[in-house]
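Student: Listed in order, the protein sequences are those of chains A and B. Under our numbering, think of the first position of the first sequence as 2, with each following residue one higher. Under our numbering, think of the first position of the second sequence as 4, with each following residue one higher.
Among the hints, erroneous ones may be present.
[Said to hold, decoys possible] Now the stretches of chain B that chain A is said to cover, found in silico as 3 or more residues with beta-carbon under 8 Å: (1) 35-48; (2) 59-68; (3) 83-89.
[Unchecked claim] Partner residues aside, some chain B positions facing chain A, computed with beta carbon under 8 Å: (4) Tyr-27; (5) Val-29; (6) Ile-31; (7) Tyr-53; (8) Arg-73; (9) Ile-104; (10) Tyr-107; (11) Tyr-108; (12) Met-116.
The set of hints was computed from the structure by calculation and includes no laboratory data. Treat the numbers as computed from the prediction; the structure is a model and nothing was measured. Even for Gly, the Cβ is constructed at its ideal location relative to N, Cα and C.
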Amino acid sequence: MNIDVNLPALIIVVPLFSAMFMVAAGVFYRKIVPFIFQFVSFLTAYFSFLLLFRVYKTGPVRYFFGNWAPPLGIEYYVDYTNILFVVIIASVFFIMSFYFPKIVNNEIDEGKTYIFYSITTLFITGLLGITITGDLFNIYVFTEISSITAYALIAIGGTKKSYRSSFNYLILGTIGASFVVLGIGYLYMATGTLNLLDMQQRLVPMYNSKIVVVGAAFIVLGLSMKMALFPLHSWLPGAYSHSPSAISALMSATSTKVMAYVMIRFLYTVFTPKFDVNVIPIQEILFIISLIAILAGSFMAIGQKDIKMMFAYSSVGQIGYILLGATMLSNNGLVGSMYHFLSHAFVKGGLFMVSGIVFYSLSTTKIYDYCGLYKKMPLTSIAFLIFTLSMIGIPLTSGFVSKWYLVVGAIDSGKWIAVFVILLSSLLTAVYFWRVVDNIFFTKSESNNSDVIKEPIAMVIPTYIMAGVTIYFGIFTNDLVAFAQKAAELLMETCK
Amino acid sequence: MIIDFIIGKYNYLAAIILMLIGLYSVIINGNLIKKVIGLNILSTAIILFYISVSKVKDGSAPIYARDVIRYDNPLPHVLMLTAIVVGVSITAVALAIIIKIREYYGTIEEDEMAEIDINEEIVDKK
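Here chain B stands alone, though its shape is the one from the complex:
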């Protein structure tokens, strides 16, 4: 039973596991670069999910050919092209901001940055 379930839906399971890995690493890591990597894993998981949705049983690639009866659904593929572009631009913006943070704080670890902020507030009060 359970093995049938896993074999039948392994692509969805992989997508969900990847998504959880991504979310976990975004939340747990203090390092900003690792957070961005987590976001990338998250968006990859979503791409995998959409591509799984597009598969039709016994379908072939959505390119016209004479002896093919069923085609896969090409729409999710096109949607994911947009999602890939979005993912790339988010990564670009995030990395640009990280460079600036590194310039100003001298570190990209979240707890160290918090420490710097707190110390500055204490200095301000004095």
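For reference, chain A alone in the conformation it holds in the complex:
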């Protein structure tokens, strides 16, 4: 078998089958499962990097399943945009797989750990599938794979609240996915095809048809629900804060952002900007909603007492940034959006990892209990500081670069209000994060019990790798920006 030709399929097939293999292996010998998990994550990351180099060299790759050419067959379409997302998801998965074993042994019942690893692998398979596929119904199926596993993973936390928030997410997520599949049904009714690129061409003469407009409305609404855009975000805080620490780290780094990617795909590839702007003003509406989301997420984060809750509300705001860049119809805005995808995946993932380490050592998630943490856990505290600086957008971190490009994009398209909102929200981010930093570094803990706690090195090292990535992409920006420019140009081609 030639690995190079089948790369797009291998990225999905390897984790999909090894998830099943893990269950079988776990029945006989439980201790081997974490190693299989790490090996699979390594293979996935390796394949995705190989594919990245191939796309970089030769341009977009189209992979036909079973050699059935589209529109008849199913196609995996990998261009500059989604290879970026695939690589980010795969590498976050790879880094976190080394963080997992210790925390999983701590928080999950021993008899369930191998199933936990297997479901996590399936979850990532679903997310990778959504990003890599070029077929609309495939997007729905992979969405459901990733959502159903996500419901199970949240519920595996085993507390009262985690079951309730999992059920909450299940109801809202299923309604959202149903809307998406109904919208896809309308589009299929109009065009008779499910292939992304084919549909783009067939839709052009039908932009004024009511079927297409209704389909677009259903899809945009369903995706907004799945990506927790501001008024529809009510499932997210519970889902992130009551799940096991490892899962909140992995989910916050990947799941809602992948839905934001699907939204970008629909706005630019399936419906061209001509439709979004002229027929029904989707871009305009989403622009305003994402501005509200950014501010509302930041405001709601300020009052939280639980640190995971605070991160979750801040995620609601951050998803607004990603969508904001996509709705400004400018190259730089899209670059900012993609850069923010990377930046936020590593930063928010890292922040949840820090809260996981603190929970592992002190078993608390209250912000109040973070007082005097620097004395107890210096390494963890410094990692937290690095991520905080990146969240606020201080230069030399990736958060600065992404906000820079978002602001430049806003100026390019003459939307000054976006500039104002981005700056204001950075200020608010500083307010609610600095409260925690102040607790960690400058407040003494009341209990006077400030012995240094032995930090779990196996968990601290992956956290620092995440921090390192954040700083690396804050300093050496050229390569990634050039690549994102290419991707943005390819997306914006449909504008002409």
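Based on the hints, put chain B in the right spot on chain A.
Tutor: Chain B only, in chain A's frame:
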């Protein structure tokens, strides 16, 4: 006019009405099992919608036969097989979670659960 419209598109109308019933019962009911039933009605409505799309005028079932000229479109049927599987697995997960909720709260009514949560918070503060 209106009667022609209803007779011509009654399957789509039924799908939309079913969908609204499903959504309504998900939103309005406090009972978790009834919410899951609502979700099932919603997904059934979508299946009906897709199957309606596949019908071709004067078409026969998509099985090869000599004297048939037109066939129905078989693709939506296949897609809906996947959707049925998805619906079943969502129901399974939902019911499993409900069993656990019942174990921990002793009830599956949403307002009673909210009451329990609020009482616990008050106890925590004291």
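Student: None of the hints should be skipped; say for each whether it holds.
Tutor: Hints, one by one, checked against the model:
1. 35-48: Result for this restraint: holds, n = 5.
2. 59-68: That given contact is violated, which follows from only 0 residues of the region 59-68 of chain B lying within Cβ reach (below 8 Å) of chain A.
3. 83-89: holds (count 3)
4. Tyr-27: violated, 12 Å
5. Val-29: Where the cut-off is 8 Å and the nearest Cβ of chain A is about 6 Å from Val-29(B), the hint holds.
6. Ile-31: At 13 Å from the nearest chain A Cβ, Ile-31(B) fails the 8 Å test, so the hint is violated.
7. Tyr-53: holds, 5 Å
8. Arg-73: violated, 15 Å
9. Ile-104: For Ile-104(B), the interface hint holds, since the closest Cβ of chain A sits about 5 Å away, which is under 8 Å.
10. Tyr-107: Interface hint status for Tyr-107(B): holds (5 Å vs cutoff 8 Å).
11. Tyr-108: Result: holds, 7 Å to nearest chain A Cβ.
12. Met-116: holds, 7 Å
The structure fails hints 2, 4, 6, 8 (numbered hints given earlier, in ascending order).
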